[in-house]
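A.B. asks: Each chain, written out:
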Amino acid sequence: MSSGTAQSSPRKSGGTFTALRRLYPYAKPAMPRIYLGMLAALLAGVVALLIPQVLKSLVDGPLQSGDSAQIWPAFAIVLALGILEAIMIALRRFFVLTPGTHIEARMRNALYMKLQNLPVGFHDRWPSGQLLSRAVSDLNLIRRWLSFGTVLLVVNVLTIVIGFVFLVNISWMLGVLFMVCSIPLWIYGYLFENKYSVVARRSQDQAGDLATTVEESVHGIRVLKAFGRGKHALQNFASQAEELRGTEIEKAKAIAGIWLWLLLVPDVTFALCLLAGVWLTANGQMTAGDLVAFFATATVLRWPVESIGFLLSMTFDTRTAADRFFEVMDSDDTVIDPVKPKTVANPQGRLVFDDVHFRYQDSPERVPDLIDGVDLAIEPGETMALVGLTGSGKSTLTALTTRLYDVTGGSITVDGVDVRDLTLLDLRTLLAMAFEDATLFSASVRENVLLGRPDASEAELAEALDIAQAAFVYDLPEGLDTRVGEEGLSLSGGQRQRLALARAVAAKPSVLVLDDPLSALDVDTEALVEAALRRILASTTALIVAHRPSTVMLADRVALLEGGKVTAVGRHSELLASSEHYRFVISSLEDEEKRESAERSSAPAHKTVETGLS
Amino acid sequence: MSVAGVEGEERNDYTKLESKQIRQRSLKLLGSLIRPVRARVVLTMIVVVISTAAQVAGPALIAFGIDRGLPALLAGDWLPLAGTVVVYLVTGVIGATLIAWYTVLTARISQAILFDLRKRVFLHTQRLSLEFHESYTSGRIIARQTSDLDAIRELLDSGINQLVQGLLYMVFVAIALISLDWVSGLVLFGALIPLGLLTRWFQVRSQSVFRDTRTASAKLIVQFVETMTGIRAVKAFRKEKRNQAVFGGLVEDYRAANGKAIGLFGIFDPGLVLIGNVALAAVLLLGGLRVASGGIEIGVLLATLLYTRQFFAPAEEMAMFYNSYQSAAAALEKISGVLEEKPSVPDPTRPIDLRKAQGRVSFDGVEFAYKTDRIVLPEFDLEIPAGQTIALVGSTGAGKSTLAKLISRFYDPSRGRVALDGVDLRQLHPKDLRRAIVMVTQEAYLFSGTVADNIALGKPDATRDEIIGAARAVGAHEFIESLPNGYDTDVNKRGGRVSAGQRQLLSFARAFIADPVVLILDEATASLDIPSERLVQEGLQTLLADRTAVIIAHRLSTVAIADRVLVMEHGRIVEDGTPRDLIAGTGRFAQLHAAWRDSLV
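Going down the list, the sequences are from chains A and B. For the first sequence, the positions run 323 to 936 when the numbering used here is used. For the second sequence, the positions run 1108 to 1708 when the numbering used here is used.
Be aware that a few hints might be false.
Claimed, not checked - Output of the computed footprint for chain A on chain B, the stretches with three or more beta carbons under 8 Å from beta carbons of chain A: (1) 1193-1206; (2) 1244-1254; (3) 1342-1354; (4) 1391-1401.
Just so you know, the hints here were simulated from the structure itself, not pulled from any lab data. It should be emphasised that the depicted structure is a prediction, and the values quoted were computed from it without experimental measurement. In this text, a Cβ means the ideal position worked out from N, Cα and C, and glycines have one as well.
Build the full structure now, drawing on both the sequences and the hints.
C.D. replies: Encoded structure:
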C-alpha cells in the first residue's frame, strides 16, 4: 500500500518568474484592483515614513521653543496621518482580497473542468488524493500569495528602494556601506530559491500522497476491517506522515537559514554603520541629527527587509504549487471533440469495429496490444454478447465505444460515422453504458436514474425502473426522492447494479453497452430482468459483456474475444458446437451435471461426513 | 439536538452552550496534543525570550553609541564606541542565531503535533464502525485529514511564532513605557479598552464564519472526490456540465465564506492600526503639552512615542495569529468531533485470548436493527459447528449480508450475542478475532502498491513463496505472471488494467493467505468468468475442508460444495438443511435451484 510518489519530478521549468507568470491569465481580471491595492499599501508605507518626519520637525521646532500652541496642529497632522494609514490598510485589503478569492474560485473551477474532461487514462494514473491536494491546498496557497504575497513583496521592495534613497540622501557613504552589506542577502536569497523549491515541491507531493493514503484507507475500510489490518494501515500511513514531517523540518531548516541571514546581515550592517557613522560625525563629515535620522530610517526599513524572508519562501511555495497546478492543466486532453464534428442524421444503431487496436499508454513494448485487431459488426436492433476470459479485454472493448479510451488503431463507427468524428456529447447520447461496478452519485434515486436524460417523463422513469426490476426504490424512506450514493442511503451491490441498469435503459440510446450488468443479481431477479430486457433489446442495438449462459441467452449472436481478437461470431448453440474455447469459457453445465449425479449416486460426499463429526 | 461527535456538524446555529461545549472539547484535544511536547515548548519559550531581549537591546545600544561613544571619541577615546559595536555584534549574532534555532524548534513542535493528530484521526477513523463510515462519507474524512489539518498547520507554523514574539514584545514595551512615564502608560491602557472590544467583536463574528468555511470546504471536497472516483460514469452519462454547475456553486459558497472571513479580518486589522495611531497622537499631545510646560524632557517624549509605536507594531502579526487561530479552531472543532465519536463496535476492555480457535459460531437470541426502529434481523438462534460449510441463499435484501457482517463483527447485534467457540465476539481479542474470521466481499478493493503487497495484506509477513502459493491456489497466478512486472506490478498505476474479475481473484488470494478458521464469502465470485469460478471452487473444496465457511452466492453452483443451506427471507431463516434434502423438497430452495438450472442451458 505504499502509495505511488510524485507523478513527475520537479521540472526545472525556466525559473520561478516564468512559472508564476503563467498565473497571469487567471489573475488578469483582478489586476487593476491588485495594482490599486499595491498603491494603497505603498501609500500606507509612505504615511508611516512621514509620521517620524513630523515628529522630527516637531522636536526641532515647537518643543525646542516651548510654544504649546504649535503642538495642536502637529497633533492634528499626526492624527490625520494615523487615520490615513489605517484607511490605506483597509483599502489595500478591500481592493485585493475579494478579487483574490475570485481568482482562486476561477482556478478551482478550471481545474475541475479540466479534470472532468481529461480521459479516463489520465485518471488511471493519477491518484485522486494528489488531484485533491492540488484543488484545495495548492490553490489556497496561490490565492494567498496573489492577494498578500505579491502586494507585500512589491511594496516592501519599493519601500526598501525608497528607504535606500533616503539613506543615501542623509549620508552617501553610510548609504553605500548599507547597500554593500546587503549584497550577501541577495546572494543567499538566490541560493535559497534553488534549495528551497526542491524541498517545497517534495513536501507538497508527499502531502498529496498522504491524502491518497487517507482516501484509500476510507474507501477500502471494509477490506481493512475484514482482515483487521487497521494497525498495518496505520503503520504505512505513519511512515508516510513521518516522511512528510522530515521534509517539513528540512524546509524549516532552510527557512531558519534565511532567517539567520536576514537578521544577522542587518545587525552587522547596523554595527558597522554605527562605527562608521560615529567616526564620520567625530570627523565632522556628518551632524548628530543626520546620524539619528539615518538610524531612525534604517530601523523603519528593518521590517520590510525581514519580511522578504517569508515572502520569498511563500513565493517559492507558490511557484511549486503553480507547477503542480499546471502539470494537470498541461496534460494532453487526447479525447476531444473533433474540429469539424459530424452527426448521425437518422440513428439506426449500427456499431462496427474495424480492425480495432488498443494498448494502454504505459504498457511495456514487449506486451502485445490488448485489443489486437478486432473486427465486429453489430446490426441495428441486434443484441451481441461479448464473451471471453477474465482479463481478455471485454470491458476495455466496451469502454472504447464511448471513447472513455481512444482506439490506438483501426476505427469504431456508429451508423458509418467514426466515433471520433462525433462530438462527445452526441456520441454519449447515442450510446449509453452500464458498468459492472455501479457508481451512484450523491443525489436522489430519480436524478441517478435520469442521469443520461434529465428531461425524461415520469412514465419513462417508471418503465426503466421496471425493466431493471428496481421497484424496491418505491419502498425507500422517501421513495424516488431518497438520496443515495455516498452522501445518502447505502444500497446493496445488487440494488446499485439495478439502478445503474435502469440508468442506461432510461437514457434511451441507440446503442446500449452493458458491462456484465447482472453479476450481482440473484437468480430470481436476474431472470425477471432478463425477461424485461428482452423487450427493449428487441428494438435496440446492444453490446453485452457476459459471463453466464443466462446472460448470453439474451443475445442474438455471440462474439468470442480471445487473445485480443474476435475469434468466433455466431449463435450460442453454433459456438457451443464449433468452438472449444467457447465451451471452455461459457459452459459449466456438463460439470454441474456430473457433480450432481455424483452426489446423488454415491453416499454423502466427504464434506457431509465432516458435518457429522462436528 | 446534540452536538456530540459529528452530529450537527454542518449546522451553523449553535446555542451558546453548544458552542462552549464544542470549544471546550477542541481545547481539551489541543491540550492533549501539546502535553507530550511541553518540555520543548518551554525550551522554545526560553529561546524566544532571550532572542527578543537581544532584539530589543539593539536601539538602546545605538542610542548609547551616539550619546556616549560620540563625545568620548571626540575626546580621543575609542573604547566606548568600540565596546558598543562589539556588544551590538554579539547581541546581533545571538539574536539571529536564536531566531534561526527557534524556527527549527517550532517546526519540530508543530510537526510533532500534526503527526500525532494525523495518526490519531487515522487510527480513530479505522476504529469507527462501518455504520459511521456509511453515513459520514469518505469525502468528509478526507476533508478532515487534509484541509482541516492544513488550517491547523498554518496556525502552528506561523501563528505561534507571531503570538509568542508579539506578546513578549508588547509586554516588554509596556513595562518600559510605564516605568518611563505613567501618563503615557495610562493612554496605553486606555487604548486597551477599544482594543479589547474590537478583538471580542472579531472573535464572536469570526467563530461562526470560520465554521462556515470548514463546512463549505468539506462539501467541496466531497463533491470533488465523488467526481474523480466515479469519472467513468460521469463521462458516459455526460454529467460534466451538471457537475460543473454543482461544483461551481460549492466553489462559490466556499469563496463567499472565505471572503467573509477575510473581510472580517480586513476590518479587524486596520482597526488595530487605527487604535494604535490614535493612541500615538494622544501620547504626542499629552507629552508635547507637558514638554512645553516643562513637565518632562524631550528625550522622554521621544522614547514614549517610539515605545507606543512599538507596542502596536506587532499588533498586525498578533491579529494574523488570531485569524489563523480562529480558522484552526474551527478545524479543530470538526476534528475533535470525529475523535469524540465512540466506535459502536468497540474493542473489548478486557479482551479474552483465543489463540487456536476451532471455528464454532453461535448466535444466541440475536436481534439486529440499524437504527432503533428498523429491525433487519428479528430474534433468532443459529449454531454453526466447526468445519461446516454453510450456503446462505435468498433474494437481495433478505439479510444475508447482515448476518455475515455480524459474524465478522462489522456490526454488533442489538440484542443477544454472537460467539466464536463460545466466546462472545465483543470480548474476543481483536487480533484473535481478525485472525480467526475473515470476510471477502464483492467489492474487491485494491490499494495502491504492487500485486504482491495487495495479496500480502492478508498476512503482512508472508514470504514471496507463500504469496505465489496463494495466487496459485485461487488460479490467479497466470494472469499475474502476464502483467508487465508480474507480482511487482503496481496496481495503482495500471488501475484500469486489472479487471473486476481479476480483482476478485486477488482478494480471494488475500483471504487464502490469511488462512482463517472461519471464512465468509459475500458474493465473492460474482464477477468471475466460469473457468475462473471453476478453479476457485476447486480451490475452495480444499480450502474449506477443515474450516468453517459461510458462503453467500447467487450462483447456486457455489452452493453445491456446501454442507448445509440456509434460505433467508425478510431477515428470517426459512429453510435449513442439506442441499440434497432441500432440492428434493418443494420449498423455496427447490424452486430457486430449478430456476438456476434452467438458466444454465
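A.B. asks: Does each hint hold? Answer for all of them.
C.D. replies: Now for the hints, and whether the structure bears them out:
no.: 1; hint: 1193-1206; verdict: holds (count 9)
no.: 2; hint: 1244-1254; verdict: holds (count 8)
no.: 3; hint: 1342-1354; verdict: holds (count 10)
no.: 4; hint: 1391-1401; verdict: holds (count 8)
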